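The listed protein sequences correspond, in order, to chains A and B.
Offset between the first sequence (1-based) and the working numbering: plus 6.
Offset between the second sequence (1-based) and the working numbering: plus 8.
Calculated directly from the structure, the hints in this document are not laboratory data.
Fair warning: this is a prediction, and the values are worked out from it, not measured in the lab.
One or more hints might be untrue.
Below, computed lysine-lysine pairings styled on DSS-like, alpha-carbon distance capped at 30 Å [unchecked claim]:
1) B:Lys93 / A:Lys380
2) B:Lys87 / B:Lys25
3) B:Lys60 / A:Lys313
4) A:Lys482 / A:Lys461
5) A:Lys313 / B:Lys48
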Amino acid sequence: MRRKKKALFLSFGLGVVLALGVTGLRSITHAQESPAAEASAATPEAAPAATAAPAEPVPDPTGENTGTAADVPVKDAANPTLPEVMATVGHNKIAINIVWTLFCGFLVMFMQAGFAMVETGFTRAKNAAHTMSMNFMVYPIGLLGYWICGFAFQMGGASPLATLGGTGVLNSEFSITLFGKAFDLFGTKGFFLGPDVYDVGVFTMFLFQMVFMDTTVTIPTGAMAERWKWSSFLVYGFFMSMFIYPIFGNWVWGGGWLADLGANFGLGHGHVDFAGSSVVHMVGGVAALAGAIVLGPRLGKYTKDGKPVAIPGHHIPMAIVGTFILAFGWFGFNPGSTLSGGDLRIAVVATNTMLASAGGAMAAMVYMMLRFGKPDPSMMANGMLAGLVAITAPCAFVTAPVAVLIGVISGILVCLSVFFIEGKLKIDDPVGAISVHGVNGAWGVLSLGLFADGKYGDGWNGVPGRVTGLFYGDGKQFLAECIGTITCFVFVFVSFYLFFKVLDAIIGNRVSAEAEMNGLDGPEMGAHGYPEFAPAAGAGGPFPEGVTAPTP
Amino acid sequence: MKKIESIIRPHLLDAVKTALQDVGVVGMTVSEVKGFGRQKGHTETYRGSEYKVEFLPKVKIEVAIPDALLEQAIEVILKAGKTGKFGDGKVFVTSLEDVIRIRTGERGEAAL
Numbered sequence: 007m008r009r010k011k012k013a014l015f016l017s018f019g020l021g022v023v024l025a026l027g028v029t030g031l032r033s034i035t036h037a038q039e040s041p042a043a044e045a046s047a048a049t050p051e052a053a054p055a056a057t058a059a060p061a062e063p064v065p066d067p068t069g070e071n072t073g074t075a076a077d078v079p080v081k082d083a084a085n086p087t088l089p090e091v092m093a094t095v096g097h098n099k100i101a102i103n104i105v106w107t108l109f110c111g112f113l114v115m116f117m118q119a120g121f122a123m124v125e126t127g128f129t130r131a132k133n134a135a136h137t138m139s140m141n142f143m144v145y146p147i148g149l150l151g152y153w154i155c156g157f158a159f160q161m162g163g164a165s166p167l168a169t170l171g172g173t174g175v176l177n178s179e180f181s182i183t184l185f186g187k188a189f190d191l192f193g194t195k196g197f198f199l200g201p202d203v204y205d206v207g208v209f210t211m212f213l214f215q216m217v218f219m220d221t222t223v224t225i226p227t228g229a230m231a232e233r234w235k236w237s238s239f240l241v242y243g244f245f246m247s248m249f250i251y252p253i254f255g256n257w258v259w260g261g262g263w264l265a266d267l268g269a270n271f272g273l274g275h276g277h278v279d280f281a282g283s284s285v286v287h288m289v290g291g292v293a294a295l296a297g298a299i300v301l302g303p304r305l306g307k308y309t310k311d312g313k314p315v316a317i318p319g320h321h322i323p324m325a326i327v328g329t330f331i332l333a334f335g336w337f338g339f340n341p342g343s344t345l346s347g348g349d350l351r352i353a354v355v356a357t358n359t360m361l362a363s364a365g366g367a368m369a370a371m372v373y374m375m376l377r378f379g380k381p382d383p384s385m386m387a388n389g390m391l392a393g394l395v396a397i398t399a400p401c402a403f404v405t406a407p408v409a410v411l412i413g414v415i416s417g418i419l420v421c422l423s424v425f426f427i428e429g430k431l432k433i434d435d436p437v438g439a440i441s442v443h444g445v446n447g448a449w450g451v452l453s454l455g456l457f458a459d460g461k462y463g464d465g466w467n468g469v470p471g472r473v474t475g476l477f478y479g480d481g482k483q484f485l486a487e488c489i490g491t492i493t494c495f496v497f498v499f500v501s502f503y504l505f506f507k508v509l510d511a512i513i514g515n516r517v518s519a520e521a522e523m524n525g526l527d528g529p530e531m532g533a534h535g536y537p538e539f540a541p542a543a544g545a546g547g548p549f550p551e552g553v554t555a556p557t558p
Numbered sequence: 009m010k011k012i013e014s015i016i017r018p019h020l021l022d023a024v025k026t027a028l029q030d031v032g033v034v035g036m037t038v039s040e041v042k043g044f045g046r047q048k049g050h051t052e053t054y055r056g057s058e059y060k061v062e063f064l065p066k067v068k069i070e071v072a073i074p075d076a077l078l079e080q081a082i083e084v085i086l087k088a089g090k091t092g093k094f095g096d097g098k099v100f101v102t103s104l105e106d107v108i109r110i111r112t113g114e115r116g117e118a119a120l
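Given the sequences, and given the hints that come with them, work out the whole structure.
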């Protein structure tokens, strides 16, 4: 009985839908009919049913007929006006840019997974849950910190965001006057993404800038892995995302004083950094350096006479997959930094990015083979990342052969830097973050100052003409890059050295020796990365001759 | 009755197992072990730093056999477990006082 009722109801519903559909189609055919046809339809001979039989809608498999004049909203279809058409063109232009920027931001967001895998793969199994968790929590921590005030400090005075609609609501910058020029220091609008910046262009910018910031926040977790206290890490995450990254970011991308070096002092286009070799990678790498110095090396990393001991990572396949995820995410990182899908320079940017990554990986592999006889997978991965970091600043400004050259140099540089930092400076960096991001971040912006070919970047940072490097005739551009690099190092290193020292005195940065020997998973996280294979207490790392494990 | 403990290269486990079965050994116990001999392990490099691998992974095979099978069993272990390079391992032979099958309580060669 019930079923019958349901069937009845269904057939009734179907009938209504069909009837509505037919009426709808009828009205459409009616509108398209010529007046003559209309007249003939009105004659009594033509049965209404015959005229109502519409042509079946034809699918459009090639897409040639999809998107026509009918899709342009106009008041009078017969007489579209130029302003109406222009409005649609403008809307579409900005829509392409916003979709492009958001999509690239999504790719960059996924780089967090790459970082998590690289760092965890290069460290030991007993710390897997801890290393993974740091890479996981930088996302929510960084996001919230950036939402509270980071974005406002970085982009609060960056308007107008021309490619994203340019409503110009981000228009408040704090600046001081030095040498008779305004030095823009940080933005002061956009806190909590409040009602005054409730704007699609601003929200697009927030998403895109946020994932870049998060890349920076996650870099030191690698260099400080396997010994960093969770509570200290939490405070660090907010400090980086709320203050240090946004302030340096403002100086370069938010219309700050480094960007203005060109307009104010005639130094090329000011400090140019296309996608963040300095803003993102060098800031992260230098913070990693300060953190690793304050934290000290892992137990067992150095023998009594100061010789570094290798502590192999537990999962090289994981690290290699993570490297590929990062290389893939970089297609959002660099090409997305046009903030414009209509800027077809994205083709050059994307291709240069992949070329440099290949150069970096090849050079690191060949270097290791020549020096040690074997390629060393961890250095191949570091080499590819080094190439990507280095090309991040110059990717839009250099030719393809130069992109390969920049990558090759970065691949060798990363090997030399890893040995120097570990062997000579005695700083323990388990994953090579300082060398990959810090050293090659600096190399990236400097290489832009050397090799920018003067083909792109007209009007960059408010300076007419295109961005041109030292080897193409503009030595002042290189000088601006040098100033930006030195500023980045001094500002970030001093800030984080003091920050970690103060934090050390208040809550401590390092876990107990006992926790470190047992692995941080249990004591710090309360869960093991691999509970079925948990190493026996006290095991899990080589303690070579001459290294005595300190008694807790 | 004798007990043979053979420390062999892990990748030769299958060859040694088959060879022992072929001469009539009906049961064995296998464990993954680590150790070193006269070469005291070896050094490897990771990211440019050397580290010493002191305890190399090996496989230990334990078999209990009647005296009559001893020489034959040793012969096939030496044949199947040998590469001729350092690190092939060792064979230890001990006398067994008694063997007891838990299920039935049988003792001696009947329990093998």
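Evaluation of the provided hints:
1. B:Lys93 / A:Lys380: Holds, at about 22 Å.
2. B:Lys87 / B:Lys25: Roughly 12 Å between the alpha carbons, so the hint for lysine 87 (chain B) and lysine 25 (chain B) holds.
3. B:Lys60 / A:Lys313: 13 Å, holds
4. A:Lys482 / A:Lys461: Holds, because 17 Å separates the two Cα atoms, which is no more than 30 Å.
5. A:Lys313 / B:Lys48: Judged against 30 Å, a Cα distance of about 20 Å means the pair holds.
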